[in-house]
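**Q** This is what each chain is made of:
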Amino acid sequence: MKYTIMVNEGPYQHQSSDTALQFARAALEKGHEIFRVFFYHDGVNNGTRLAVPPKDDRMLQKEWSELAEKYGLDLVICIAAAQRRGLMDASEAKRQGLTADNIAAGFHISGLGQLIEASIESDRTLVFGD
Amino acid sequence: MAKKFMYLNRKSPYGTVYALESLEVVLIAAAFDQEVSLAFLDDGVYQIAKGQNPKAAGMKNFSPTYNALGDYGITKMYVERESLAERGLTEDDLMPIVYEDEDDDYAEKPSVQLVSRAEMAQIMAEQDVTFSF
Amino acid sequence: MAMLHIVNKSPFERNALMSCLGHALAGDAVLLIEDAVIGVVTGSRIAPELQIAMNDKSVSIYALGPDLAARGVKAERVLDGIQVVDYAGFVDLTVANEKTQSWL
Numbered sequence: 001m002k003y004t005i006m007v008n009e010g011p012y013q014h015q016s017s018d019t020a021l022q023f024a025r026a027a028l029e030k031g032h033e034i035f036r037v038f039f040y041h042d043g044v045n046n047g048t049r050l051a052v053p054p055k056d057d058r059m060l061q062k063e064w065s066e067l068a069e070k071y072g073l074d075l076v077i078c079i080a081a082a083q084r085r086g087l088m089d090a091s092e093a094k095r096q097g098l099t100a101d102n103i104a105a106g107f108h109i110s111g112l113g114q115l116i117e118a119s120i121e122s123d124r125t126l127v128f129g130d
Numbered sequence: 131m132a133k134k135f136m137y138l139n140r141k142s143p144y145g146t147v148y149a150l151e152s153l154e155v156v157l158i159a160a161a162f163d164q165e166v167s168l169a170f171l172d173d174g175v176y177q178i179a180k181g182q183n184p185k186a187a188g189m190k191n192f193s194p195t196y197n198a199l200g201d202y203g204i205t206k207m208y209v210e211r212e213s214l215a216e217r218g219l220t221e222d223d224l225m226p227i228v229y230e231d232e233d234d235d236y237a238e239k240p241s242v243q244l245v246s247r248a249e250m251a252q253i254m255a256e257q258d259v260t261f262s263f
Numbered sequence: 264m265a266m267l268h269i270v271n272k273s274p275f276e277r278n279a280l281m282s283c284l285g286h287a288l289a290g291d292a293v294l295l296i297e298d299a300v301i302g303v304v305t306g307s308r309i310a311p312e313l314q315i316a317m318n319d320k321s322v323s324i325y326a327l328g329p330d331l332a333a334r335g336v337k338a339e340r341v342l343d344g345i346q347v348v349d350y351a352g353f354v355d356l357t358v359a360n361e362k363t364q365s366w367l
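As you go down the protein sequences, you meet chains H, E and A in turn. Quick note on the numbering used here: the first sequence kicks off at 1 and runs consecutively. Quick note on the numbering used here: the second sequence kicks off at 131 and runs consecutively. Quick note on the numbering used here: the third sequence kicks off at 264 and runs consecutively.
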């Protein structure tokens, strides 16, 4: 199976990101393909590299980056949702005249078209939200 | 072959961002030549309620955008009757959203179709992809 | 072509599960995850609704084991007929059912 996964909530606030991560791992371990993980609404906050969660608990942003690296996943952060919430990569920050960027490794910012395209290409689209 | 995409709206606008940001997905989706429909049930029926005025609440009224969807080829908006009735609403409480049917001399036709819960269930079962917000 | 409905919010907090059951068709599957799993405890206010769905409407109901364990719900308290699955089982459900729909 080829999956598109949509993550609509930020890390820790809701369990959505955890569940999506656990589902993705289980699917990949079974040999399925994750075509794209698309982060929307507060889900864009999963892509910050500035989070410093307590070390005795899971580190969600880091786990997404690591899963992406291990399996070559395409983690896409929606540009419109990211702009609203202050999630920036270097080029977008420069474009907006901002002094900093905060995107984590393995994530990249792109448009909503990537979500639609992914769902057209995939066998299953799963939405994790609130 | 075009896939059937349904945008499932079950929440009131303004209390959360979902109504606004789901509409933003719909506008982008219009460019992809797939079969798009919107479903409004439960509190989602309020997303196309007439007379929205969030000014005093300090928010932007994005409901006029629903009127523009016809120009983007999005002409199927299903509203669940039971959801309206449960909330003390009728069809008259909804925005009169229309589209121009280019296959019928650009005659103006309603985009909003009232369906029963059972009909909505069937429509949902026919979709290839359902986005929930 | 069956649908896998995924419900993640507690039925005592939100109407998502009730709305889902109101729209599920015979042969569909409903998977309860996250806080929704607290709805599977025997003797709860919604147990009769779940039984009607399973027995009268032929809807299969599943609950995600890790979420039950997280909330301290032991297997013996799960309503008869509800099947507990793990994340691998969740994946299998998405393979077995052609469509998926989340009720948030």
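What the hints contain is simulated information worked out from the structure, not anything from laboratory work. Any given hint could turn out to be false.
What the hints assert, rightly or not - Derived DSS-like pairs (lysine-lysine); straight-line CA-CA distance at most 30 angstroms:
#: 1; chain 1: E; residue 1: Lys134; chain 2: A; residue 2: Lys320
#: 2; chain 1: A; residue 1: Lys337; chain 2: E; residue 2: Lys133
#: 3; chain 1: E; residue 1: Lys134; chain 2: E; residue 2: Lys180
#: 4; chain 1: E; residue 1: Lys206; chain 2: H; residue 2: Lys2
#: 5; chain 1: H; residue 1: Lys70; chain 2: A; residue 2: Lys362
#: 6; chain 1: E; residue 1: Lys239; chain 2: E; residue 2: Lys206
#: 7; chain 1: H; residue 1: Lys30; chain 2: E; residue 2: Lys134
**Q** All hints, please: hold or fail.
**A** Taking the hints in turn, this is what the structure says about them:
Of the supplied pair hints, the one linking lysine 134/E and lysine 320/A holds, its CA atoms being roughly 26 angstroms apart against a limit of 30 angstroms. In summary, the hint linking lysine 337/A to lysine 133/E is not supported, as the alpha carbons are separated by about 42 angstroms, beyond the 30 angstroms threshold. Only pairs whose Cα atoms come within 30 angstroms are accepted, and lysine 134/E paired with lysine 180/E is accepted, the gap being roughly 28 angstroms. About 28 angstroms separates the Cα atoms of lysine 206/E and lysine 2/H, which keeps this hinted pair within 30 angstroms; it holds.
Our distance criterion of 30 angstroms between C-alpha atoms is met by lysine 70/H and lysine 362/A, whose separation comes to about 28 angstroms. Taken as a hint, the lysine 239/E and lysine 206/E pair is honoured in the structure, with Cα atoms around 11 angstroms apart against an allowance of 30 angstroms. In summary, the hint linking lysine 30/H to lysine 134/E is supported, as the alpha carbons are separated by about 28 angstroms, within the 30 angstroms threshold.
This entry does not satisfy hint 2, going by the numbered hints stated previously; all others are met.
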